[in-house]
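Undergrad: As they're listed, the protein sequences go chains F and G. Numbering that gives the first Met the number 0 applies: residue 0 is where the first sequence begins, and numbers increase by one. Numbering that gives the first Met the number 0 applies: residue 0 is where the second sequence begins, and numbers increase by one.
These are calculated hints, taken from the structure and not from any lab test. You may find that some hints are simply not true.
Derived contacts from chain G toward chain F, CB cut-off under 8 angstroms, selection only [to be verified]:
| id | residue |
| --- | --- |
| 1 | H62 |
| 2 | L63 |
| 3 | P175 |
Just a sample of chain F residues kept apart from chain G, beta carbon distances all over 10 angstroms, derived [what the hints assert, rightly or not]:
| id | residue |
| --- | --- |
| 4 | F51 |
| 5 | D56 |
| 6 | R60 |
| 7 | F69 |
| 8 | W157 |
| 9 | D167 |
| 10 | P173 |
On the chain G side, residues computed to face chain F include the following (Cβ under 7 angstroms) [to be verified]:
| id | residue |
| --- | --- |
| 11 | H23 |
| 12 | F53 |
| 13 | M54 |
| 14 | R61 |
Glycine included, each C-beta is placed from N, C-alpha and C at the ideal position.
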Amino acid sequence: MAVPIPDSVDYVLLDEATIQARVQEMADEISADYEGIHNEDFLLVGVLKGSFMFMADLARRLTVPHRVDFIALSSYADTAESTGAVRLIMDTRADVAGRHVLIVEDILDTGYTLRYLYRLFEAREPATLRTAALLTKPDRREVDVPVHYLGFSIPDVWVVGYGLDFADRFRTLPYIGALKPRVYQK
Amino acid sequence: MDPQTLPSMFDDVERVLVSEQEIHDRIVALAEEMNAIYSDEDLPILVCILKGAFMFLADLTRHLQFRHEVDFMEISSYGAGTTSSGVVRILLDLASSVDGRHVVIVEDIVDTGHTLDYILRNFAARNPASVRVATLLNKPSRREIEVPVDFVGFEIPNAFVMGYGLDYAEQYRNVPYIGVLKPEVYQEGTED
Numbered sequence: 000m001a002v003p004i005p006d007s008v009d010y011v012l013l014d015e016a017t018i019q020a021r022v023q024e025m026a027d028e029i030s031a032d033y034e035g036i037h038n039e040d041f042l043l044v045g046v047l048k049g050s051f052m053f054m055a056d057l058a059r060r061l062t063v064p065h066r067v068d069f070i071a072l073s074s075y076a077d078t079a080e081s082t083g084a085v086r087l088i089m090d091t092r093a094d095v096a097g098r099h100v101l102i103v104e105d106i107l108d109t110g111y112t113l114r115y116l117y118r119l120f121e122a123r124e125p126a127t128l129r130t131a132a133l134l135t136k137p138d139r140r141e142v143d144v145p146v147h148y149l150g151f152s153i154p155d156v157w158v159v160g161y162g163l164d165f166a167d168r169f170r171t172l173p174y175i176g177a178l179k180p181r182v183y184q185k
Numbered sequence: 000m001d002p003q004t005l006p007s008m009f010d011d012v013e014r015v016l017v018s019e020q021e022i023h024d025r026i027v028a029l030a031e032e033m034n035a036i037y038s039d040e041d042l043p044i045l046v047c048i049l050k051g052a053f054m055f056l057a058d059l060t061r062h063l064q065f066r067h068e069v070d071f072m073e074i075s076s077y078g079a080g081t082t083s084s085g086v087v088r089i090l091l092d093l094a095s096s097v098d099g100r101h102v103v104i105v106e107d108i109v110d111t112g113h114t115l116d117y118i119l120r121n122f123a124a125r126n127p128a129s130v131r132v133a134t135l136l137n138k139p140s141r142r143e144i145e146v147p148v149d150f151v152g153f154e155i156p157n158a159f160v161m162g163y164g165l166d167y168a169e170q171y172r173n174v175p176y177i178g179v180l181k182p183e184v185y186q187e188g189t190e191d
């Protein structure tokens, strides 16, 4: 039985089949690009919490061997969003030096978080450093950061599901929905 | 997909123990069991034990019809393998407090039970309203300490399994089914 669409969701922006088909295409592209790299040397780094569902679906469709790792970040409560200062809660288990690192992100918004991750990892001298993001909101971008594998470009609406939340709700919906404005405009 | 047609990362698989379709069907049934127990008002927190359980969590939660939250705990053993104390390092603790909350611990596999026992003792100290355990795989023949397991995907024999989140030396986590590793791959290692 399908999970009913919550009242707070205005409309489904990307349905399950659309997401799954696009993740497969992304996995095919990544598999082709990383063909021939030894398992030890290809590292997927998922950014918690938001990326866990994308990571699960992307990783199992890759035909090239790789390691899976996770990183947890948090923003400082007392700093404005515009500074982009983030706090590293959990670092990767694996050493990234000399390895091919692919950051797995749910959404690219202002770009500050991804810029932080690039700086963090670049200082560790990986062999290559790329990003796969399921979603991007170009209208929200404040800093220019490269994304190498992109699922969908979406308008500036509050989206939930497939890893994305509103106050920790709606994170596990199998589709991406737009939240009703009354829910977040308090 | 036939493992024979897949590239080299599947060559270490001796046989498929649980297929991708079987995993999917069983997870839908597990979600139904949980849907019958929990309501929106319970608002349980599903705690995913990393790294192994991330794929199970991703598939299980998509079928849950009650409101819930997800949180993550990453643990690592001290040195090689599990000790009888079950004590593990908590590398990532929960983002939220579970005080007074209903908790479902989501595990990939319950083996000796020592690690789960330690996790349960750790959670008991946090004063949750309730704690249940969901595990994709259960190896009862390996059990050394009794632990409560409320939702079980598959009871499996004492074979060296990998895939669907489970690794051997950080390999094979992304294999979409549960496979049995060829003995020559791990004969010089020890299982977690």
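Undergrad: So which of those numbered hints doesn't the model satisfy?
TA: 4, 5, 6, 7, 9, 10, 11
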